[in-house]
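A.B. asks: Using the sequences plus the hints, can you model the full thing?
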Amino acid sequence: MIHIFIDIDDDHLTYIEINEDFFFIFKRQGLVTDCDKMFFSVILISSLLIFIQGEKHLNANGPFGKSHKYKNEPSPYACNRGAGVQSSFFPRRVKPIQQMSVSKTLYASTEPIQVSWTPVSPSCKDDFVGVFYAEVPDDQSCDYFDYEFIQNKQNNTTWYMTNLRRQLNFRYYSRDHTCSGNYTLIAKSPIIQPINYNEPTQIHIAYGDRIDQMYVSYLTNSSQFIPQCQYGLAPTSLTMLQNGTTTTYKASDMCEAKAIIVGPQNFIDPGFMHTMLLENLQPSTAYYYRVGTNEHGWSDIYSFINRPADKEEAVNLIAYGDLGLSPVEPGAKSTIDRVTARVLSTNFTCLLHIGDISYARGVGALWDAFMTQIQPIAARVPYMTGIGNHEYDHVEGGDKDPSYAPGPGGFRPDWGNYGYDSGGECAVPMVRRFHSPSNGNGLFWYSFDVGPIHILHYSTEHDFRRTSPQYAWIEQDLRSVDRSRTPWIIVGAHRPMYASETDEPYDYIKIMLQFYLEPLFYRYHVDLNLFAHKHSYERTCPMYQNRCIADGVIHVLIGMAGQDIDDGDYSGAEWSIYHDQEYGYTQLWANKTYLNFTYFHNSDDQIADQFVLGK
Numbered sequence: 001m002i003h004i005f006i007d008i009d010d011d012h013l014t015y016i017e018i019n020e021d022f023f024f025i026f027k028r029q030g031l032v033t034d035c036d037k038m039f040f041s042v043i044l045i046s047s048l049l050i051f052i053q054g055e056k057h058l059n060a061n062g063p064f065g066k067s068h069k070y071k072n073e074p075s076p077y078a079c080n081r082g083a084g085v086q087s088s089f090f091p092r093r094v095k096p097i098q099q100m101s102v103s104k105t106l107y108a109s110t111e112p113i114q115v116s117w118t119p120v121s122p123s124c125k126d127d128f129v130g131v132f133y134a135e136v137p138d139d140q141s142c143d144y145f146d147y148e149f150i151q152n153k154q155n156n157t158t159w160y161m162t163n164l165r166r167q168l169n170f171r172y173y174s175r176d177h178t179c180s181g182n183y184t185l186i187a188k189s190p191i192i193q194p195i196n197y198n199e200p201t202q203i204h205i206a207y208g209d210r211i212d213q214m215y216v217s218y219l220t221n222s223s224q225f226i227p228q229c230q231y232g233l234a235p236t237s238l239t240m241l242q243n244g245t246t247t248t249y250k251a252s253d254m255c256e257a258k259a260i261i262v263g264p265q266n267f268i269d270p271g272f273m274h275t276m277l278l279e280n281l282q283p284s285t286a287y288y289y290r291v292g293t294n295e296h297g298w299s300d301i302y303s304f305i306n307r308p309a310d311k312e313e314a315v316n317l318i319a320y321g322d323l324g325l326s327p328v329e330p331g332a333k334s335t336i337d338r339v340t341a342r343v344l345s346t347n348f349t350c351l352l353h354i355g356d357i358s359y360a361r362g363v364g365a366l367w368d369a370f371m372t373q374i375q376p377i378a379a380r381v382p383y384m385t386g387i388g389n390h391e392y393d394h395v396e397g398g399d400k401d402p403s404y405a406p407g408p409g410g411f412r413p414d415w416g417n418y419g420y421d422s423g424g425e426c427a428v429p430m431v432r433r434f435h436s437p438s439n440g441n442g443l444f445w446y447s448f449d450v451g452p453i454h455i456l457h458y459s460t461e462h463d464f465r466r467t468s469p470q471y472a473w474i475e476q477d478l479r480s481v482d483r484s485r486t487p488w489i490i491v492g493a494h495r496p497m498y499a500s501e502t503d504e505p506y507d508y509i510k511i512m513l514q515f516y517l518e519p520l521f522y523r524y525h526v527d528l529n530l531f532a533h534k535h536s537y538e539r540t541c542p543m544y545q546n547r548c549i550a551d552g553v554i555h556v557l558i559g560m561a562g563q564d565i566d567d568g569d570y571s572g573a574e575w576s577i578y579h580d581q582e583y584g585y586t587q588l589w590a591n592k593t594y595l596n597f598t599y600f601h602n603s604d605d606q607i608a609d610q611f612v613l614g615k
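The sequence shown maps to residues 1 to 615 in my numbering.
Don't take every hint at face value.
Stated by the list, open to error - Once the Cα atoms are required to be at most 30 Å apart in a straight line, the calculated DSS-like pairs of lysine-lysine come out as: (1) K333 x K104; (2) K615 x K311; (3) K104 x K153; (4) K188 x K104; (5) K615 x K592; (6) K104 x K125.
Keep in mind that the hints were calculated from the coordinates and are not lab data.
Please read all numbers here as calculations on a predicted model, not as lab measurements.
C.D. replies: Encoded structure:
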């Protein structure tokens with residue numbers, strides 16, 4: 001056995017364990033001999049380091065709908081630096097502080113507000129308008145939630161508001177008359193605030209343990225009153241009532257990095273998350289509901305159709321990964337728009353989002369924005385999530401890990417730790433916000449039935465070797481599936497088992513998945529393995545151990561939902577049937593006899609790839 005220690009970020013060491021299992025994979029494929037082990041290990045680790053440093057998908061997007069390029073914001077890379085960027089040879093006079101105008105001072109969540117001002121001429125190239133807590137002092141120009149650089153002679157902009165449960169204002173900052181000094185406040189808006197601080201927001205639903213259960217969740221600013229869900233069989237007859245429970249989290253509940261630092265660009269008060277468990281629901285039945293309290297107010301009325309109990313009934317699912325934040329990510333916006341339109345016109349049974357959910361990475365306001373953006377979908381269709389590296393991954397703080405991984409080498413192996421991809425959140429915001437059946441380990445791994453399909457979420461962020469708790473659970477779950485009741489088995493996790501993009505030729509996680517879990521999936525005749533992480537689409541033939549075989553597993557990469565699409569080359573592997581690098585989403589239709597899988601491009605909402613399986 002070989003242990004190689006790697007210095008990832010100057011402060012933390014991790015190691016890679018290279019054992020005989022690993023080399024067996026390569027010897028089986030004729031890629032390495034016994035005498036090559038140490039040399040190959042060095043090559044592998046060098047490649048792995050490139051992967052570790054380069055796989056992190058970075059953005060700098062704000063919660064109010066502005067798109068920014070990474071390392072191009074006023075703070076910390078430019079704000080209050082000694083030398084600004086001059087856009088004119090002529091000095092300019094900075095006017096006294098002006099009053100900015102706003103189209104409204106009270107807003108409901110997602111409403112647009114137009115902000116206007118008298119243009120500064122000539123402006124500096126890094127002038128910006130930002131959104132601030134009202135109580136932030138005027139000289140703290142860097143402490144914004146979101147910003148927009150201002151073009152010369154620009155006099156207005158529009159912001160789409162997310163209810164952050166605080167008073168806010170807009171501020172215009174510029175530099176001195178030579179554009180060379182620190183930022184100075186030029187203009188400031190009146191205070192703006194939500195119409196109702198306790199407006200029920202971020203409404204979403206998810207399956208419980210039993211077919212007759214549904215979780216209904218929402219968020220407010222207060223925990224003063226017992227949360228409630230009124231529901232019934234008609235929008236005019238919400239005769240049933242279910243009380244709920246409330247939770248929240250603090251910066252100190254999370255692991256490290258940005259997530260434990262209080263501030264507008266890091267942790268902010270997340271409000272209170274309320275959840276009601278509806279029970280005794282009839283299968284394949286439409287229910288109407290609203291959430292809130294008499295004291296705080298009620299939401300609009302939404303509806304959902306409970307999942308079927310009969311294998312004879314067909315089901316419709318949507319699946320994707322790596323969505324990110326709309327509208328600042330063009331792909332995320334187009335996916336949200338397309339999927340929302342489909343949900344409003346078609347009866348979908350549930351939605352699978354397999355990892356890399358919000359890309360908040362420790363920035364609390366981005367969770368508010370993400371949960372707001374999915375509400376039109378998630379309030380109507382059970383939104384079933386799986387854990388990804390941008391929700392879970394962390395280096396320290398194992399005692400705060402909600403998966404209860406017992407430190408390094410426990411559920412979370414060192415070879416699966418790629419650093420601070422979650423910004424130190426270590427899944428706390430996701431676990432407090434979303435729900436799943438409790439038959440595994442929460443959102444980390446679980447399973448459920450929907451019509452003729454058995455769906456199993458597993459975690460590539462935790463140990464899945466044969467000696468791990470997760471492997472034992474996966475095997476037991478697959479063994480217990482009644483194929484006469486659910487003839488289809490779909491498994492899903494975040495990182496890919498197969499992908500022919502050539503940017504990561506020695507992806508150690510991929511190799512480990514092929515060695516440990518692929519034989520398990522083949523033994524129990526899994527039909528589909530869904531994964532994401534790479535921001536593209538790819539479908540394989542039915543396959544096993546890098547070869548197409550008639551009774552193999554079809555692997556589908558569905559990481560193209562919205563986050564900065566990939567642009568790398570492909571190896572030309574024989575098992576790769578179709579691939580492309582376009583934004584889109586997938587839809588699964590199944591009855592007891594057929595499963596139809598369809599991939600849609602966002603650009604035209606046309607079918608890009610499709611296949612049918614039969615029993």
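A.B. asks: Which hints from the list above does the structure break, by number from lowest to highest?
C.D. replies: none
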